[in-house]
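Chemist: Just so you know, the protein sequences line up as chains G and P, in that order.
Numbered by this note's numbering, the letters in the first sequence go through residues 1 to 418 in order.
Numbered by this note's numbering, the letters in the second sequence go through residues 1 to 261 in order.
If you're looking for bench data, these hints aren't it; they were derived computationally from the structure.
Keep in mind that the hints are not guaranteed to be accurate.
What the hints assert, rightly or not - Derived lysine-lysine pairs resembling DSS-like cross-links, with alpha carbons at most 27 Å apart:
id, chain 1, residue 1, chain 2, residue 2
1, G, LYS151, G, LYS125
2, G, LYS365, G, LYS227
3, G, LYS126, G, LYS190
4, G, LYS151, P, LYS200
5, P, LYS200, P, LYS25
6, P, LYS58, G, LYS151
7, P, LYS29, G, LYS125
8, G, LYS126, P, LYS174
9, G, LYS151, G, LYS190
10, G, LYS125, P, LYS174
11, P, LYS29, G, LYS126
12, P, LYS29, P, LYS174
13, G, LYS125, G, LYS190
14, G, LYS126, G, LYS151
15, P, LYS58, P, LYS200
To be verified - If we take Cβ atoms under 8 Å as the criterion, some of the chain P residues that face chain G in the derived model are:
id, residue
16, LEU15
17, PHE18
18, VAL20
19, ASP62
20, LEU97
21, VAL101
22, TRP102
23, PHE103
24, ARG169
25, ARG171
26, GLU199
27, ARG252
28, ARG255
29, ALA258
30, ASP259
Don't be surprised by glycine CBs; every beta carbon is placed ideally from N, CA and C.
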Amino acid sequence: MIAVSAHDIRKQYRLGELKQGDTMLREAIVGMLRGRGRGRQLEILHALAGVDFEIHQGEVVGLIGRNGAGKSTLLKVLSRITYPTSGHFTTNGRLSAMLEVGTGFHEELTGRENIFMNGSIMGMKKAEIAAKIDQIVDFAGVQRFIDTPIKRYSSGMRLRLGFAVAAHLDPDILLVDEVLAVGDAEFQKKCLDSMDELRGGGRTVIFVSHNMAAVENLCRRVIWIDKGRVHMDGPAEEVVRAYMGTFASAQAGGADLAAIGSRAGSGQARLTGAEFLDRQGQTLNFIRSGDALTVRVRTVLHETIPDLHVGVEIRNEMGLLLSISNNWMTGPSLVRVPAGDHAFDLDIEALHLMPGRYYLTLWLKGPDSRNYDLLENCLVMDVETSDWYGTGRGIDPHFGLIFMPARWRTGALSGGDA
Amino acid sequence: MRRNGLQEFWAYRELLFFMVWRDLKVRYKQTLLGVAWAVIQPLVSTLIFFLFFGKMAKMPSDGVPYPVFAYLGMAVWTYFSGAVSYASNSLVNNSQLLTKVWFPRLIIPTAGVLSLLPDFLIASVVGVALMFIYGLTPAWTFLLWPLLVPVMVVLALGASLILATLNVRYRDVKYAIPFLLQMWMFLTPIIYPVSIVPEKWRALLLLNPMGGVVDAFRATALGNRPLEWGTLAAALGLGLLVLLIGLRYFTRAEREFADVI
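Turn these sequences into a full structure, and let the hints guide you.
Modeler: See the structure below:
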């Protein structure tokens with residue numbers, strides 16, 4: 001049986017409308033009086049440019065693609081939050097969408113009250129919530145605080161509470177947007193396990209994620225959305241591999257970025273390349289935890305840029321943002337940078353990363369968050385273990401999320417010496 | 001098969017209940033004065049009107065002590081203006097919900113309008129107390145009071161649906177609402193009786209359905225003059241018309257709420 005089928009779904013936004021708070025009744029009335037013909041010419045953005053697919057009951061499908069490719073718009077269309085400009089879709093059975101954890105939570109309400117509020121917003125019946133509340137509280141692990149207003153909760157507790165409600169929704173079709181990218185590792189695993197359970201229950205799941213490991217683990221089929229269309233649809237492993245292949249390949253020394261075609265940003269400045277160098281300016285063939293490292297960002301400016309911000313973001317393999325470094329925050333300011341080729345070096349004193357694979361996102365921005373260029377996960381950085389402690393034991397990625405260059409010192413308060 | 005709007009609204013009636021309950025709970029928790037606020041607002045404005053219009057301007061009040069006269073009107077108006085201004089901003093205030101989850105959008109402004117009813121109940125009880133203080137006994141027609149409430153709610157909901165939709169589409173509407181409500185209040189016989197309006201202009205008052213509603217509330221409580229069924233029927237008719245227009249405008253626009261909010 002077909003659970004979800006989409007036929008030529010298109011969604012267009014007029015770009016002027018996207019900006020919040022720029023439409024005034026005053027302007028609309030004036031516009032009406034002057035006649036509509038002379039209205040502003042608005043640029044049309046094709047968020048979805050004709051999406052077709054069929055998903056069978058019980059399938060767990062991953063939806064992948066770069067930011068802005070249309071994945072989230074597609075989920076919003078399927079969950080009826082927004083309407084397609086044209087095309088239609090059918091769904092068979094009760095559908096729940098988890099685009100956010102804890103939608104409708106209110107600070108002043110207690111955990112228990114928020115469970116009822118959130119569950120009911122997600123389409124659960126009161127009796128259903130009442131029957132499941134013990135399980136939900138248990139899953140979230142907030143028994144002691146269940147009658148405390150959630151303004152006293154930590155962000156982790158809120159997240160767990162929200163996910164616990166969602167995990168007990170029991171829909172026929174579940175749409176999940178990137179909600180697992182937050183939370184501690186243990187809870188992430190619990191969520192993935194509960195998603196896994198869903199798969200066993202004959203439920204249809206559409207799962208949007210940047211976490212390729214989770215996608216491969218949970219889904220047998222993956223749909224890759226690019227520029228508002230289905231770019232590839234097939235077995236998970238195949239599609240994920242093809243998708244990752246479009247990011248920079250794991251070159252040791254850096255990457256040529258000039259050839260990347262699909263870019264965000266206005267384009268007055270472009271990223272052309274990036275290299276990993278050591279302190280002497282030599283290309284690094286491998287990078288180790290604790291190493292000193294220079295990331296050289298090569299750019300070309302097509303005009304004089306009044307105030308340039310260069311940024312490097314580091315994410316781990318789960319897509320978790322570990323660090324952002326940009327010259328707006330750290331200085332120096334780059335003012336009136338003339339047109340031409342420029343390279344900017346980011347000196348990292350010691351790389352506080354565990355061994356593993358990391359993805360670097362590079363961007364060039366201006367003030368007012370103007371985007372000149374943005375390349376997400378364009379650079380792969382494989383970090384090897386090192387004998388930084390000199391004990392021969394190396395640095396073990398199981399010992400946490402970051403590498404902290406710390407040493408034990410003894411004898412600070414040893415007795416005897418009064 | 002897709003259900004139609006009303007069926008979906010009905011299917012989500014429990015959410016309506018939770019939304020009303022949340023609004024109430026949060027409002028009473030967050031304000032220092034809590035429930036007392038429901039009474040202070042009409043009482044204080046009554047006091048001010050009493051000093052300026054009753055004492056100084058010697059405003060007639062249909063033979064009823066002016067404070068009682070003004071308070072009964074203010075109790076009704078406090079509900080109406082509170083409900084309309086709250087519900088008109090409800091979509092914008094819940095934009096987080098609109099962009100993250102689907103449910104019948106109509107729930108939000110409806111809950112806003114309903115959540116102020118308990119305040120009105122409290123204000124009504126205080127109104128009865130005030131009557132006793134001034135040596136008046138509520139007439140038997142006071143039992144009709146609950147029948148007038150739906151008329152008032154229909155009007156508030158109709159106006160709110162139109163204003164809430166405009167508020168999502170146009171950002172300056174938010175600033176126009178308080179002004180609009182203030183104008184509306186002075187066009188409604190709250191601090192003055194209908195009898196001071198010249199005969200030839202009275203027909204125009206019928207165009208303001210709130211006038212008929214306020215007048216009916218007062219007539220049923222005081223029993224000093226017969227309830228004008230014709231005026232009330234006109235108010236209900238106009239109220240239903242506004243509600244229908246509001247529903248139509250709202251349901252046509254709701255598809256784009258998540259895109260423009």
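Chemist: If a hint holds in the structure, say so; if it doesn't, say that too.
Modeler: Structure-based check of each hint:
1. Annotation: proposed proximity of LYS151/G to LYS125/G holds, straight-line Cα distance about 25 Å (limit 27 Å).
2. The suggested pairing of LYS365/G with LYS227/G holds, with an alpha-carbon distance near 23 Å, which does not exceed 27 Å.
3. Restraint check: the Cα-Cα separation between LYS126/G and LYS190/G comes to about 26 Å, which is no more than 27 Å; the hinted pair holds.
4. Simply put, LYS151/G and LYS200/P have alpha-carbon atoms about 59 Å apart, too far for the 27 Å limit, and the pair is violated.
5. The hinted pair formed by LYS200/P and LYS25/P fails the criterion: a straight-line CA distance of about 47 Å is larger than 27 Å.
6. Simply put, LYS58/P and LYS151/G have alpha-carbon atoms about 52 Å apart, too far for the 27 Å limit, and the pair is violated.
7. Between LYS29/P and LYS125/G the CA atoms are separated by roughly 26 Å; this keeps the pair inside 27 Å, and the hint holds.
8. Taking the CA atoms of LYS126/G and LYS174/P, the gap is near 34 Å; set against the 27 Å cutoff, the hint is violated.
9. At most 27 Å may separate the alpha-carbon atoms for a hinted pair to count; LYS151/G and LYS190/G meet this at roughly 24 Å.
10. For the proposed pair LYS125/G and LYS174/P, the alpha carbon gap of about 34 Å is over 27 Å, so the pair is violated.
11. Restraint check: the Cα-Cα separation between LYS29/P and LYS126/G comes to about 23 Å, which is no more than 27 Å; the hinted pair holds.
12. For the proposed pair LYS29/P and LYS174/P, the alpha carbon gap of about 25 Å is at most 27 Å, so the pair holds.
13. For the proposed pair LYS125/G and LYS190/G, the alpha carbon gap of about 25 Å is at most 27 Å, so the pair holds.
14. Restraint check for LYS126/G and LYS151/G: satisfied, since their Cα atoms lie roughly 24 Å apart, inside the 27 Å limit.
15. Note on LYS58/P and LYS200/P: the hinted pairing holds, with a Cα-Cα distance of about 23 Å set against a maximum of 27 Å.
16. With a cut of 8 Å, the hint placing LEU15/P at the interface with chain G holds, because the nearest CB-to-CB distance is about 5 Å.
17. The beta carbon of PHE18/P comes within 5 Å of a beta carbon in chain G, closer than 8 Å, and the hint placing it at the interface holds.
18. With 8 Å as the threshold, the beta carbon of VAL20/P stays out of range of chain G, its nearest partner Cβ sitting at about 11 Å, so the hint is violated.
19. Here the hint on ASP62/P is broken, as its CB sits about 39 Å from the closest CB of chain G, past 8 Å.
20. Residue-level restraint check for LEU97/P holds (minimum Cβ-Cβ distance to chain G is 6 Å; threshold 8 Å).
21. For VAL101/P, the suggested interface contact is upheld, since its CB lies about 5 Å from the closest CB of chain G, less than 8 Å.
22. The closest approach between the C-beta of TRP102/P and any C-beta of chain G is roughly 4 Å, which is under the 8 Å cut-off, so the hint is satisfied.
23. Against a cut-off of 8 Å between C-beta atoms, the interface hint on PHE103/P holds, since the closest Cβ of chain G lies about 6 Å away.
24. A hinted interface residue such as ARG169/P counts as satisfied when its beta carbon comes closer than 8 Å to some beta carbon of chain G; here the least separation is about 6 Å, so the hint holds.
25. The beta carbon of ARG171/P comes within 5 Å of a beta carbon in chain G, closer than 8 Å, and the hint placing it at the interface holds.
26. A cut of 8 Å between beta carbons decides the hint on GLU199/P: the least distance to chain G is about 36 Å, and the hint is violated.
27. Using the Cβ-Cβ criterion of 8 Å, the hint placing ARG252/P at the interface with chain G is not satisfied: the shortest such distance is roughly 12 Å.
28. Hint on ARG255/P holds. Least Cβ distance to chain G is approximately 4 Å, under the 8 Å limit.
29. Below 8 Å, beta-carbon pairs count as interface contacts, and ALA258/P has one with chain G at about 5 Å; its hint therefore holds.
30. Taken as an interface hint, ASP259/P checks out: its beta carbon lies about 6 Å from the nearest beta carbon of chain G, inside 8 Å.
Violated hints, in rising order: 4, 5, 6, 8, 10, 18, 19, 26, 27; the structure is consistent with all others.
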